[in-house]
Amino acid sequence: MMNIRQALKLFLQACCARRVPDSGACPAGGESGHTYACTKGDGAEMAVDPQQAAVQHSMERIVWQYPPEQRYILAIMQDLQKEFNYLPREALSLTADHVQVPLGKVYSMATFYKAFSLTPRGRINFKACDGTACHIKGSLVIIDELHKCLGIKPGETTADGEFSLETVNCLGACAIAPVLVANHKVHAKVTATAVREIIKTYGGRVDEPVAN
Amino acid sequence: MSQLPTENNMNSRMILVCCGTGCQASGSLDVLASLRSLLASDTGTAVQASTKSTGCNGLCEKGPLVKILPDDITYCQVTVEDVPDIVKSLQDGTLVQRLLYRDPVTKQHYRSHHETGFYKKQHKLALRNIGEIDPADIRDYLDRRGYQALRKALAMSPAQVIDEVLASGLRGRGGGGFPTGRKWKSCAVVDHAPRYVICNGDEGDPGAFMDRSIMEGDPHTVLEGMIICAHAIGASAGFIYVRDEYDLAVVNLNQAIRDARAAGYLGNHIQGSGLDFDIEVVRGGGAFVCGEETALIASIEGNPGEPRDKYVFPTAKGLWGQPTVINNVETWANVPVIIDRGAAEFAAIGTAGSKGTKVFSLVGKVVNTGLVEVPMGTTLREIIFDIGGGIPKGRRFKAVQTGGPSGGCIPANLLDLAVDFDSLTAAGSMMGSGGLIVMDDRTCMVEVARYYVNFLAGESCGKCTPCREGISLMLEILTRITEGHGTIADLDLLENLSATVQAASLCALGRTAPNPVLSTLKYFRDEYLAHIIDHRCPAGVCKELTEFYIDADLCTGCGLCRKKCPADAVTGEKKQPHVIDAAKCIKCGECINNCRFQAVKIR
Chain E
1 MMNIRQALKL
11 FLQACCARRV
21 PDSGACPAGG
31 ESGHTYACTK
41 GDGAEMAVDP
51 QQAAVQHSME
61 RIVWQYPPEQ
71 RYILAIMQDL
81 QKEFNYLPRE
91 ALSLTADHVQ
101 VPLGKVYSMA
111 TFYKAFSLTP
121 RGRINFKACD
131 GTACHIKGSL
141 VIIDELHKCL
151 GIKPGETTAD
161 GEFSLETVNC
171 LGACAIAPVL
181 VANHKVHAKV
191 TATAVREIIK
201 TYGGRVDEPV
211 AN
Chain H
1001 MSQLPTENNM
1011 NSRMILVCCG
1021 TGCQASGSLD
1031 VLASLRSLLA
1041 SDTGTAVQAS
1051 TKSTGCNGLC
1061 EKGPLVKILP
1071 DDITYCQVTV
1081 EDVPDIVKSL
1091 QDGTLVQRLL
1101 YRDPVTKQHY
1111 RSHHETGFYK
1121 KQHKLALRNI
1131 GEIDPADIRD
1141 YLDRRGYQAL
1151 RKALAMSPAQ
1161 VIDEVLASGL
1171 RGRGGGGFPT
1181 GRKWKSCAVV
1191 DHAPRYVICN
1201 GDEGDPGAFM
1211 DRSIMEGDPH
1221 TVLEGMIICA
1231 HAIGASAGFI
1241 YVRDEYDLAV
1251 VNLNQAIRDA
1261 RAAGYLGNHI
1271 QGSGLDFDIE
1281 VVRGGGAFVC
1291 GEETALIASI
1301 EGNPGEPRDK
1311 YVFPTAKGLW
1321 GQPTVINNVE
1331 TWANVPVIID
1341 RGAAEFAAIG
1351 TAGSKGTKVF
1361 SLVGKVVNTG
1371 LVEVPMGTTL
1381 REIIFDIGGG
1391 IPKGRRFKAV
1401 QTGGPSGGCI
1411 PANLLDLAVD
1421 FDSLTAAGSM
1431 MGSGGLIVMD
1441 DRTCMVEVAR
1451 YYVNFLAGES
1461 CGKCTPCREG
1471 ISLMLEILTR
1481 ITEGHGTIAD
1491 LDLLENLSAT
1501 VQAASLCALG
1511 RTAPNPVLST
1521 LKYFRDEYLA
1531 HIIDHRCPAG
1541 VCKELTEFYI
1551 DADLCTGCGL
1561 CRKKCPADAV
1571 TGEKKQPHVI
1581 DAAKCIKCGE
1591 CINNCRFQAV
1601 KIR
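Chains as they are written, first to last, in our numbering: chain E, 1 to 212; chain H, 1001 to 1603.
Just chain E, with the same shape it has in the complex (with noise of 0.2 Å):
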């Protein structure tokens, strides 16, 4: 039983590995990290990008400071998400590499979890609080505000960048409903008028209102 799942093991890390051409070019660490770098052909010289090496290195600082278990992905991946905004798909490779994981493993528990997101998000990102009490208090009028006023639907992030939307199951904050989260900071007792506000107070701009 034991070696059938180190053969299957052994096979599917050495499947990830293949995906990378050259990994030998690339830094240690950081094989499956570059793939798209690598097979591009010119590894070496996209790997000294100061950007990108940064990014790398922050990438690899948030994962490598948890000991290689499979129980620390859901930790990892929640400073990964705190830093970047999102998952980079580098950095996902990276923490299965880490915890001795299939990159698959670690894809699951990513888009099983709602906390995590694959693509970048908004520089602003308003949470809207769709929980019972914010519900009946009127949330579904403030979601629809915001994508009339921003053109987004929850999931979604403008064009350029700046805003994105969610809608999230209850934040907590029952008694001061319905509730808005832009970034960090929580906006009580919210209305169709106070969106419009809200969004001005972020850089936004809102159009007059059109009927329908």
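A hint or two may mislead.
[Unchecked claim] Here are the simulated lysine-lysine pairs, DSS-like style, with alpha carbons at most 30 Å apart: (1) H:Lys1185 x E:Lys127; (2) H:Lys1185 x H:Lys1393; (3) H:Lys1543 x E:Lys148; (4) E:Lys200 x H:Lys1584; (5) H:Lys1584 x H:Lys1543.
[Unchecked claim] Here are some, though not all, of the chain E residues that point toward chain H, as calculated from beta-carbon distances under 7 Å: (6) Ile73; (7) Lys82; (8) Phe84; (9) Ala173; (10) Cys174; (11) Val186.
None of these hints come from the bench; they were simulated from the model.
Glycine residues also receive a C-beta, built at the ideal position from the N, C-alpha and C atoms.
Since the structure of chain E is provided, determine the placement of chain H on it from the hints.
Coordinates of chain H only, in the frame set by chain E:
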């Protein structure tokens, strides 16, 4: 949080600023900073007062709250502008009248929050320290008999501790209501070390926030409960699984763990005994199903949080296949009380089948929203009307939803129901984690059912078919009804589907998912029929079936609705009846919610 040295000068006053999430959102951190800077200035030093940031006081509606001890004065809705007046009143020995709590009905002012209707009927056990202590200072906890229960437990044998918890009649506060003592006992008898203790702080029920409040406002009580259990069952490690959204809870728990270690309440040879035990905080990933214990265990192990069938309970095979006791935050908070004061005192509170108190988060369409803790057996009427102050804006009470997405809606004719685990189940709902969401005649019950089913459809982990497919199908039908395309046959179909999902789902999430639908069908069938047959939403919520109009006889032309309307759909001259342009109306309800003359009607 508060790192300022606190002088224990007998003459000095203590100013407690509530820094729970609700008050923070209303600006309590600014109030605290302003108080501190003013007290440190020349004018302030004469007052001889120190400040403390506390956890949630419960009455979030009136936040930010500022309490002054030992005078026992409570100020509500304090802003930075009020701070100089408060400091001056301390100097003069007077009261700032305008900031006192004012009863919405009697218009009477109260000097202390303890005298108000909101607090008078409460009985605080789990919340006993919250709002009174600085959660980041272990000395505050120790001053209020903190860790005394642990000392007492360590002097007892493990079996005696379990017997005490059994005798108290404590039942799990997370929703299941399983007797805590029995859970501990069945874990202790499994001869397989190591054993683990888990605190379930993955408070996912929308509308419930008592666990958040306890973890933020009194983290040591959770630790103490877990350490007592570790002694009782012989556990070596503990985990607290907290929702990642609860930033402050994670910070305060970690701080408490560090302080408890330093003080010898965690680590090796706890308080000179043979007990070695430590606790670690695990941050959740935002999946509702992880509140289910086997899913939570899978999540701690580093897997997607999918539940498993419980042929074997976690008490026999839990975390990493080892015997594990898993209890909810509020349950843990009750354990030190039971050990310290004795099981008999605890068991004297409550009803025959449900002992002690229960914390409810009273939210929705109620005047005093916030956290309340009452003895089991208190009636819904007492909670909603005596403590909660009734329904705002003179509207009519329609229903109260209990038990989160797995619970049900209880109608007005059951308001005198004495609330405990068994009575709520008999009424077709459940205790759940203790959310009480009050609904008035502006809440559409069909839409509420759709809301919960939509929530559960999104949170179903997808492992078993009845839950995954059944709930999606129910959502489809309910959506159809709220959009005006429902048929009478849909109601039978809903009931059939509900029966299958209840019977065949793997875990409690699926098995209880139909509750909101079944309870609304049972008590509010007429609303379903209004949607299906009359194509109207009586509450004016479902947009496709709603049209607002202004009753010209009642309209005074005050213009409030015109100002509030975000779509410019209301027109009219001052002091003349106004008109709503149905083509422009976005049906947001701002007009009807704000009209003081009940002139806005639903067609």
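Quick one: which hint numbers does this structure break? Sort them smallest to largest.
Per hint list: 1, 2, 7, 8 violated.
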